[in-house]
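Q: Sequence:
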Amino acid sequence: MVPSALIQGIEALGIHLERGHVLVTVNQRLSRHLTGRLNTYQASKGNKVWLTAEIIPLQAWLRKMWLEYLDRQVSPGQEPPRLLSDLAQRCLWERVVAEDSRRKKKVLWPRQTAVLAQKGWEQLLEWRLQSPVAESQGHEDTQAFVHWVEIFGEQARRGGMIFSNQLMGFLENHLDHLHFPPGIILAGFDSWSPATAHFFSLLQDRGVDVAHYVPESFACSPVLQLAIDHEAEIRCAAQWAKQWVERKGDSLTPDQTVGIIHPVLHQWRNQVIRIFTEVFYPGSLEWNALPDAPAFNLSLGFPLTDSPLIADALFFLHLCRDGVLTAADVGRFLHSPHCAGGRGENSARALLDVQWREKGWQRISFKELSQRVNKNGKTPILARMLGRLARLDPRHEWFSPTRPSQWPVRFSQILALMGWPGEGSLASTDFQLIETWKEMLGSLAGLETITPRMDYSQALAILVHAAGEHVFQPEGGQDAPVQILGSLEAEGETFAALWIMGLSDDVWPPRPDPNPFLPREFQRRHGMPRSSSEREYEFAARITRNLLGAAPVVVVSSPQRDGDMELRISPFLRGLDQVQETVADPPDFVHQVLASGRLEKIVADSPPPCPDALPPCSIGVLKAQSLCPFQAFARYRLLAKPLPVAQAGLSPALRGQITHRALAGLLVPGFSMKHWRTLAQDHREAVIGQACTQALEEEMNQQEVQVPQGLLILERERQIGLLRQWMEVEGRRGADFTVLAVETCGTLPLDRLTLSYRMDRIDRLENDDRVIIDYKTGRVNMGDWFGERPRDPQMPIYALALEERMAAMVYGVLSRKEKRFIGLAEQSDVLPGVAWLKGQDEDLDATDFLTLKEHWRQIVAQVAREFVQGEARVDPQARACDLCDLQPLCRIDEPTQDFRHDIE
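If you're matching positions, the sequence shown starts at 15 in our numbering and goes up one per residue.
In case anyone wonders, no lab produced these hints; they're calculated from the structure.
Don't be surprised by glycine CBs; every beta carbon is placed ideally from N, CA and C.
There may be inaccurate statements among the hints.
[Stated by the list, open to error] Within a straight-line C-alpha distance of at most 27 angstroms, the following computed DSS-like cross-link-like pairs (lysine-lysine) qualify: (1) K119 x K262; (2) K373 x K655; (3) K133 x K78; (4) K381 x K392; (5) K392 x K78; (6) K452 x K78.
[What the hints assert, rightly or not] Computed Cβ-Cβ distance ranges for the label pairs, DEER-style: (7) E712 x P466: 54 to 60 angstroms; (8) P415 x V129: 22 to 28 angstroms; (9) G438 x Q144: 45 to 51 angstroms; (10) Q144 x H188: 18 to 24 angstroms; (11) P622 x E757: 45 to 51 angstroms; (12) E802 x S842: 41 to 47 angstroms; (13) V888 x V368: 24 to 30 angstroms; (14) V888 x S665: 25 to 31 angstroms.
Could you put the whole structure together from the sequences, leaning on the hints where they help?
A: This is the structure in structure tokens:
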């Protein structure tokens with residue numbers, strides 16, 4: 015097709031549009047851009063009012079012609095075809111591929127395969143070609159593609175369907191039913207596909223003037239800048255754009271902006287957003303303070319599923335389908351702001367999440383969840399919502415198969431039950447997201463021609479896939495003074511200044527990427543997109559030439575490195591006259607702040623001392639203070655603690671609690687080893703079994719942990735074996751003993767602290783001496799009782815709390831590897847393998863427990879005094895950080911180098 019005329023410049027374009035010509039653009043963005051430029055042009059002529067020109071994207075114009083055909087179609091008894099949505103087309107392609115792969119027993123990914131097959135079919139339409147039947151011989155993929163195209167076409171014809179990419183071909187066969195303007199101006203079409211050229215040639219034959227608009231071309235001398243790497247290049251472009259905005263101010267209008275172009279913007283989208291935000295609004299990423307209308311706009315949108323509002327809607331629909339929530343589901347559900355009460359009850363729901371994590375639940379139904387929330391009583395809105403959801407079950411009519419047109423209604427009803435999109439006012443972007451969501455839901459109704467009925471899972475899968483493919487671009491950003499675009503999106507636009515980045519030779523020209531279902535030689539012969547290096551070189555050269563003339567000031571740039579790989583500049587940049595020096599990586603926001611002024615002195619005094627009236631606290635305070643003073647301050651004064659991690663089955667901690675409870679049930683007060691030895695073996699086994707069974711039941715009832723019955727049976731057998739082996743250890747004790755007390759609770763005053771404790775067990779020997787026993791199911795080290803900062807002062811505290819004469823204090827170790835006593839005894843015959851001090855503390859010369867207890871009293875009193883006085887320095891003992899989760903708070907791993915020195 016040869017256009018009737020070439021229209022250059024906005025003034026000439028305005029004259030043609032005043033004659034009633036229609037401007038057809040390559041995309042919606044260019045339509046908005048040219049509308050703004052034309053309005054500015056009319057206002058510059060002093061006009062107060064003017065006729066609105068028809069400026070419309072090609073696909074929208076074709077749909078308009080389609081609707082006109084439907085209005086003018088007068089053939090009696092002939093039903094026009096139905097124009098189906100892009101979603102319906104994708105579903106039909108997936109069905110064709112999936113059914114064929116099942117029939118041929120081929121392993122394919124129908125969804126991904128259908129995407130490539132559809133693109134290949136669209137290329138055939140654009141190039142007005144038939145399926146390459148002859149070329150498919152010997153090519154299994156091409157033969158499969160030809161077969162799919164045949165099946166797809168047959169099903170579409172049989173169903174009386176056409177799709178948006180067939181509109182041009184359909185309309186060219188029905189031009190007699192259509193009315194066209196006197197002239198059509200095409201804008202942004204850098205090259206013509208055979209189908210487009212043929213269609214507009216037919217319009218020319220009917221007397222329609224077809225012209226091509228090209229924007230003004232500026233004579234400029236582009237400047238080349240080289241950056242160290244991609245991020246440095248993006249930051250330089252951002253700083254340059256910010257300087258332009260600050261210098262030009264209000265002279266930058268929506269139709270004359272600063273342009274930033276990247277040929278592969280989709281690959282660098284996140285980095286571009288982050289760096290431009292850092293440059294234009296330093297600190298806003300740290301404080302989440304980006305304004306509603308920022309100075310820059312990224313033309314590349316994001317998938318709907320990346321929006322928390324839409325992602326939560328799909329998540330809620332998944333939950334209602336399954337009816338059962340995992341531990342992760344419960345956490346996400348409780349923390350979502352997009353359901354009823356999600357904001358007003360957020361604190362109470364967060365506490366619920368912590369409680370349920372502690373229970374270790376793995377799966378829970380809405381009904382069970384509703385019962386537990388009602389029992390909690392602190393989240394009434396959540397309770398009412400769960401009550402409604404609990405009444406849903408898989409037999410509910412909402413989950414039965416039905417027509418596709420019913421699923422938008424059902425999904426909306428389910429989301430309404432959950433209070434989506436949440437309470438409170440919505441931002442402008444949220445309103446746009448909801449409207450897009452409604453349109454996408456409505457598109458399900460267009461699937462009835464493809465699939466007469468579908469069940470809940472099928473409808474939801476289609477909806478999730480559609481949301482993942484739909485690219486959402488919020489409105490309003492087109493007025494920003496800085497526009498960040500891809501190379502194709504910038505076609506037909508002009509700018510006040512332009513920076514083109516990312517022009518390394520591995521990116522520009524693009525590499526060939528032929529469609530895998532069309533023979534490569536077939537694609538090269540017909541000059542199809544991405545088919546050969548030669549075609550891509552010509553394409554990139556044409557785009558580069560146009561962009562270099564799109565602004566009076568143009569900067570082009572290229573990174574020199576990508577990780578360890580060196581990069582070269584694009585061949586299109588080698589002829590530039592001016593080459594500046596390499597641009598170094600500018601300092602980021604943190605370095606800007608550190609280098610911005612004088613160092614400020616901050617006196618880091620210790621936190622204030624504890625108040626006089628302190629409630630009793632656990633021995634863990636002293637243990638934490640000994641391991642690291644900051645750990646004690648954070649855990650027991652700031653009350654900092656991690657979120658529990660839900661574990662499947664029985665956690666090691668829970669198993670240890672069961673063991674403690676079973677031992678307390680077996681070795682009860684009054685238990686006598688002398689009496690135990692008189693019992694028959696069967697009787698002993700029965701007593702041990704009863705103690706383990708009771709301990710397991712009590713612990714499960716108290717913890718409300720969900721554990722499979724089979725696992726509980728195995729755990730009972732494990733506990734029985736553990737206690738059987740332990741009683742053998744107890745039986746090896748030389749002297750007889752009687753259990754005096756178990757789980758003994760009490761308090762011990764130290765300085766201004768009152769420590770609460772609970773001893774596992776106290777035995778009384780025949781001479782009335784006492785033995786303290788603390789059960790441990792993990793690794794222990796008696797050396798942790800000693801030193802100026804004992805790593806584990808639990809047993810010393812027990813010793814200080816016991817007023818009677820003490821003969822021994824030991825750990826009762828019941829680990830997988832060993833069962834034995836570890837500790838101290840004044841006499842070696844009290845407990846097997848336990849003796850007095852042997853080099854535990856070189857500075858300690860204690861010969862009995864009286865001396866040792868006096869030493870411990872001084873040590874633990876000093877540790878308690880430090881805690882009360884507010885001592886909170888970050889001073890961990892060796893390996894104290896291994897199991898500590900407070901590093902983000904104490905920042906012990908943070909580098910201590912001088913940033914100012916680095917900058918200088």
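Q: Hint by hint, say whether it matches the structure.
A: Against the structure, the hints:
At roughly 65 angstroms between alpha-carbon atoms, K119 and K262 are farther apart than 27 angstroms, so this suggested pair is violated. About 16 angstroms separates the Cα atoms of K373 and K655, which keeps this hinted pair within 27 angstroms; it holds. With a C-alpha separation of about 24 angstroms, the suggested pair K133 and K78 falls inside the 27 angstroms cut-off, and the hint holds. Annotation: proposed proximity of K381 to K392 holds, straight-line Cα distance about 18 angstroms (limit 27 angstroms).
Pair hint K392 plus K78 does not hold up; C-alpha atoms about 56 angstroms apart against a cutoff of 27 angstroms. Between K452 and K78 the CA atoms are separated by roughly 22 angstroms; this keeps the pair inside 27 angstroms, and the hint holds. Remark: the range hint 54 to 60 angstroms for E712 to P466 is upheld by a beta-carbon distance near 57 angstroms. Distance hint for P415 and V129: a CB-CB separation of about 27 angstroms, consistent with the stated range 22 to 28 angstroms.
The hint said 45 to 51 angstroms for the Cβ distance between G438 and Q144, and at roughly 57 angstroms that hint is violated. At about 22 angstroms, the beta-carbon gap between Q144 and H188 stays in the expected band of 18 to 24 angstroms. Roughly 36 angstroms separates the CB atoms of P622 and E757, a value that falls outside the hinted 45 to 51 angstroms. Between E802 and S842 the beta carbons are some 29 angstroms apart, a value that contradicts the proposed interval 41 to 47 angstroms.
A hinted range of 24 to 30 angstroms holds for the C-beta pair V888 and V368, which are about 26 angstroms apart. For V888 paired with S665, a C-beta distance near 30 angstroms keeps the hint of 25 to 31 angstroms intact.
Violation of the numbered hints given earlier is confined to hints 1, 5, 9, 11, 12; the remaining hints are satisfied by the structure.
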